[in-house]
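Student: The lines below spell out each chain.
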Amino acid sequence: MKKFTGKNLINLVLIALFTVFTVGSFLIDFKTGEAIFRESFSPFVKEMIMFLPLMFILIGLGDV
Amino acid sequence: MEVLTIIAVICTVISLVADRRKTWQGVSRGLIMFLNLLPAILMVLILVSISLFFLPEEFIRDNLGEEAGFGAFLLAALLGSVSLIPGFIAYPLSGMLVSGGVSYPVISVFITTLMMVGILTIPVEIRYFGARVTIVRNLLFFVAAIVIGGCMALIYSI
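Chains E and C supply the protein sequences, listed in that same order. Just so you know, we're using the working numbering here: the first sequence kicks off at 1 and counts up by one. Just so you know, we're using the working numbering here: the second sequence kicks off at 1 and counts up by one.
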């Protein structure tokens, strides 16, 4: 866990900032933040989350 | 998506029948790989989402669309050359760019340079293959990517 955090520290901090920005946008009704999440980020993440784990399972199976 | 799900299920079942222990090992190894890469993947998604939101569609169409010309090829080639993105992230990302107005020939140049040209990895490549091979290989693929983009433009204009 420590190794993972250390290796991905910058990415994790930026993801946390984006999360705070998004949650804050919904709380204070900041339209731009809401739109970035709804129109751009959310559909793309949904698509990636649907197929990436399956692909990695295939990679893992091929690896052993 | 359905095809990938079916393939994954069939492969897992075949693997389970062959060797249960190795299957579990493979699945867990794959999922650990996914979790390790997840922060980087999310970061790319966040950056692309924000960029696509703030860049007006007109700007993308004018600079990277069908009418953009050679400049778009060059820009895509340079971006692809300096990016270090694995293919399985690059394709959905490119799909997102296409729906944002970027043309297929430009995307072809971007993906080709992304896979074949690595400016950031040049020092490592030089260490293993020598400076001459590295520079010639990267230059040839850079030019080839632009030629491929030209061919794609030709095919798509017919």
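Any given hint might turn out to be false.
Taking lysine-lysine and the DSS-like style, the derived pairs with C-alpha atoms no more than 30 Å apart in a straight line are [stated by the list, open to error]:
#, chain 1, residue 1, chain 2, residue 2
1, E, 46, E, 2
2, E, 2, C, 22
3, E, 3, E, 46
4, E, 7, E, 31
5, C, 22, E, 3
6, E, 7, C, 22
7, E, 46, E, 7
Hints in this document: simulated from the structure, not taken from any laboratory.
Student: Compare the structure with each hint and give your call.
Tutor: Against the structure, the hints come out as follows:
Only pairs whose Cα atoms come within 30 Å are accepted, and residue 46 of chain E paired with residue 2 of chain E is accepted, the gap being roughly 28 Å. Taking the CA atoms of residue 2 of chain E and residue 22 of chain C, the gap is about 27 Å. The hint holds against a cut of 30 Å. Straight-line distance between C-alpha atoms of residue 3 of chain E and residue 46 of chain E comes to about 28 Å, which keeps the hinted pair within the 30 Å bound. This hinted pair does not check out: residue 7 of chain E and residue 31 of chain E have alpha carbons roughly 34 Å apart, beyond 30 Å.
A threshold of 30 Å between alpha carbons decides the hint, and for residue 22 of chain C with residue 3 of chain E the separation of about 26 Å falls inside it, so the pair holds. Distance restraint check for residue 7 of chain E and residue 22 of chain C: the Cα-Cα separation of roughly 28 Å lies within the 30 Å cut-off, and the hinted pair is therefore satisfied. At roughly 25 Å between alpha-carbon atoms, residue 46 of chain E and residue 7 of chain E fall within 30 Å of each other, so this suggested pair holds.
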